[in-house]
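Engineer: Between the sequences and the hints, there should be enough to build the whole structure, so can you do that?
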Amino acid sequence: MVCVFLLADAWMAADNEITVHLAVIGHLIGEIAAAIFTIFCLCFFPPQPRRHSQMPADRHAFNERFIAVASPLMLLAMPLMGNRLVLNILASAEAIWIPSRLQMFRLSNSEAFSIYGVLTGMALPAGVKIGNKKSYYILGHSRLL
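Plus 1 on top of the position in the sequence shown (first one is 1) and you've got our numbering.
You may find that some hints are simply not true.
Label pairs and their in silico Cβ distance ranges [unchecked claim]:
{"no.": "1", "residue 1": "Pro73", "residue 2": "Ile33", "range": "16 to 26 Å"}
{"no.": "2", "residue 1": "Leu43", "residue 2": "Thr121", "range": "46 to 56 Å"}
{"no.": "3", "residue 1": "Thr121", "residue 2": "Val87", "range": "14 to 24 Å"}
{"no.": "4", "residue 1": "Ala11", "residue 2": "Leu43", "range": "45 to 55 Å"}
{"no.": "5", "residue 1": "Phe6", "residue 2": "Leu43", "range": "49 to 59 Å"}
{"no.": "6", "residue 1": "Ala71", "residue 2": "Ser109", "range": "19 to 29 Å"}
{"no.": "7", "residue 1": "Asp16", "residue 2": "Ala92", "range": "27 to 37 Å"}
{"no.": "8", "residue 1": "Ile97", "residue 2": "Ala69", "range": "21 to 31 Å"}
{"no.": "9", "residue 1": "Asp16", "residue 2": "Ala96", "range": "18 to 28 Å"}
{"no.": "10", "residue 1": "Glu95", "residue 2": "Ile68", "range": "34 to 44 Å"}
{"no.": "11", "residue 1": "Arg66", "residue 2": "Ser101", "range": "43 to 53 Å"}
{"no.": "12", "residue 1": "Ile37", "residue 2": "Leu88", "range": "19 to 29 Å"}
Just so you know, the hints here were simulated from the structure itself, not pulled from any lab data. All of these numbers come straight from a predicted model, not from anything done at the bench. For every residue, glycine included, the Cβ atom is placed at its ideal position computed from N, Cα and C.
Structural biologist: This is the structure in structure tokens:
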């Protein structure tokens, strides 16, 4: 989080406008920092067995077993982590871009966020009673048309 604030401060000091691009970069930096921290913790503080009787004879044998288990696990985890990263970046971009594009078409700030809330299902259109969720989606899109 501190890195994002420092990046935004440097961005503004260079007389640049804060845009969606900066938000995506900040999100990416946060995900990379979390991955680096996890790898650091696993390398320097490997998981310890609970019982002393399960402890291998030497540390080298434990590290070899850890690598033998961690390598296939990371091969499975990498696509999941990449998918999570892409979904988070796209969700952040959507939450910023859609209301800003609606404002470009002469909608006020509150109208743009109201329509965005209807589109994402966070808010109901005026006069709609609780019913079928599919109808909210259709009503939100028809309101845009």
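Engineer: Go through the numbered hints given earlier and state which of them the structure violates, listing their numbers in rising order.
Structural biologist: 2, 4, 5, 6, 8
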